[in-house]
Amino acid sequence: MMIVLLLFSFYSMYNCFFAAVDSTCTVWSEQCGRAGACNVYDMDALRAVLHFVPAALIGISVIWDALFWWLSKDKMELFQDDHKAKIIADN
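In mature numbering (1 follows the signal peptide of the UniProt record, and there is no 0), the protein residues as written are -19 to -1, 1 to 72.
Please keep in mind that the hints were generated in silico from the structure rather than gathered at the bench.
By construction, the Cβ of each residue, glycine as well, lies at the ideal position given by its N, Cα and C atoms.
Possibly wrong hints are sitting among the right ones.
To be verified - Pairwise CB distance ranges (calculated):
hint: 1; residue 1: Ala47; residue 2: Asp23; range: 32 to 38 Å
hint: 2; residue 1: Trp51; residue 2: Ala(-1); range: 31 to 37 Å
hint: 3; residue 1: Val8; residue 2: Lys54; range: 48 to 54 Å
hint: 4; residue 1: Ile(-17); residue 2: Ala16; range: 28 to 34 Å
hint: 5; residue 1: Ala47; residue 2: Arg15; range: 44 to 50 Å
hint: 6; residue 1: Gly14; residue 2: Ser53; range: 53 to 59 Å
hint: 7; residue 1: Ala18; residue 2: Leu38; range: 24 to 30 Å
hint: 8; residue 1: Gln12; residue 2: Phe49; range: 45 to 51 Å
hint: 9; residue 1: Phe33; residue 2: Trp9; range: 19 to 25 Å
Generate coordinates for the entire structure from the input sequences, incorporating the hints supplied.
This is the structure we're talking about:
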């Protein structure tokens, strides 16, 4: 299960982020007929990518956390006495 999580979350996150950074490149080097490293970035676009992409991802995470908290606020607490848990479960 951890390998699936690793493949679909961590590696794809790096690919998406670096694809966004590479989209700001204006001059690519060429080696052996293939595209190499980026030589010149559009600094305004790069600044926007480096600030707004992480901010957007954090915003999405905050929305999911708030949604999870809102949906689970009526659930039973994990560390209660059995008697209190029974009363809550009956209501």
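- Hints not upheld, ascending by number: Of the numbered hints, all hold.
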